[in-house]
Amino acid sequence: MHIINLMSEALQYGFMQRAILVGVLIAICSALLGIFLVLKKFSMIGDGLAHVSFATVAIALLLNTSPLFVSIPVVIVASLAILRLNEKANLHGDAAIGLISSFSVAFGVLIASVSQGFNVDLFSFLFGSILLISQSDVWLSLILATVVIITVVYFYNDLFAITHDESFASVMGINTKRMNSLIAVLTAVTIVLGIRVVGTMLISSMIIFPTVTALQISKSFKSTILISAIVSVASVLIGVIGSFVFNLPSGASIVMVNAMFFLIALIIKRLR
Amino acid sequence: MNQQIEVSNLIVRYGHHLVLDRVTFSIKKGDYIGLVGANGSGKTTLVKALLGLVPIEQGIIKFENSTLKKGYLPQIALTNDSLFPAEVKEIVGIGLLSDKKRPKIINKEDQKKIDDILERLNIMPLKNKRIGDLSGGQQQRVLLARAMVNKPEVLILDEPTSALDPRVREDFYKLIHEINTIDGTTIVLVSHDLGSVQKYAKKMLVLDREVVFYDEVSKFTSSFGHDHFHLDGEA
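Just so you know, the sequences run in chain order A and B.
Start counting the first sequence at 281; every next residue gets the next number (our numbering).
Start counting the second sequence at 962; every next residue gets the next number (our numbering).
It is worth saying that the hints were derived from the structure and are not from the lab.
Model, not experiment: these values are computed from the prediction.
Just so you know, even glycine gets a beta-carbon here, dropped at the ideal spot from N, CA and C.
Please note that the accuracy of each hint is not assured.
[Claimed, not checked] Examples of chain A residues toward chain B, derived with CB under 10 Å:
1. H444
2. A494
3. L495
4. F501
Required output: the full structure, derived from the provided sequences and hints.
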């Protein structure tokens, strides 16, 4: 009874309402994109871009400006750079991501070390803090998440085709390079929006976990996306409310719930 | 008769490596070309060039018309990945995307086309199965359905039987032969299986970076015999 009271109390707070709204939007975006990234063996792009966003947050705090406005353009450029490096420099995708992410973290740490005073803020971006979500963040998230969702739905069949077989998709007249760039840009936007809720260290898990969970039990491409979205949204709801009730960090709680869903799916798969 | 595809002086290079050297040949509507050659002779590159998948350094590939419908069955069955979460009907539907305008929705009419091709290739019972759960032969038929669902005028197959056992392989060749003779679809078949190519193809194109032989299969047999041509490049 006490827990139920705490849960209903949690929903009274503005910051919780904002966290849940933004969290659910990120959950849907990351589930929609996760399947393409995981199946194209590019899932660590989320991790790499999260590290880049760490550096951009450090820059934004140094300049005393909104991290979202600094992060979005820089992380979009980084996502396209990773794609190009992967295609042209004879580097493996993972190595390209490793190069950019380690450089970004080093850059962020250097800025943090020479600029005293914002280390506490930076820490909250590392692991997420729902208290950081402002009303303007909610509006920006709402607009950008809507753009991400509509874009994925609009290009769904093209994205499905390039994920299954790029050569055949090309024969079907699909511009595979453009579609790969689209995935990278949408992922960049989702990552930046998500660092408020789960932090730069954990955001890639929101892209990978729900999809890998869905892959254990799904049969079709569409059902994978649907199950992934349900798991992702449920993880955010349980994680955010649970973090309030049990006084735990929100980002880590969301990831733990995601891990729990993954284990359940694994058990269901074994039992079949 | 007009040529459906004309290739003249085609040169393709990967970096400094010359893969195709002044390749010239033409294909008529309804032809069945067996494209053979040793490993590294440029077969796959040639079909990729025909499909616009690799940049060409020099030469011309001319099609009868700009809207010539091409079907493609690639060399590797990518769907061997048993984790790929897609049903057969979803995979086959990809073959309909070339004619569609965005948002490229697969509608009821398309579902009918998918059903028709699955029926034609005797794989209707697989329609709702997950592609990764199928055998190699079944997967290959699904990919053939994907290549054919849009009724292509030219069907290009790159070593489609390399992963199949001999019985399934023979069935597959018969099916391709039927598609050529009954539908009139032009076939370009890359294969290491010289015996089957000689049995079913109308013309033989032997490639070794350049065209070594291109004529009727009967002329190939009279020139090289059945047993004296090896795909390690020695004739």
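Going down the list of hints, with the structure as the test:
no.	hint	verdict
1	H444	holds (6 Å)
2	A494	holds (8 Å)
3	L495	holds (6 Å)
4	F501	holds (5 Å)
Hint check: no violations occur; every hint is consistent with the structure.
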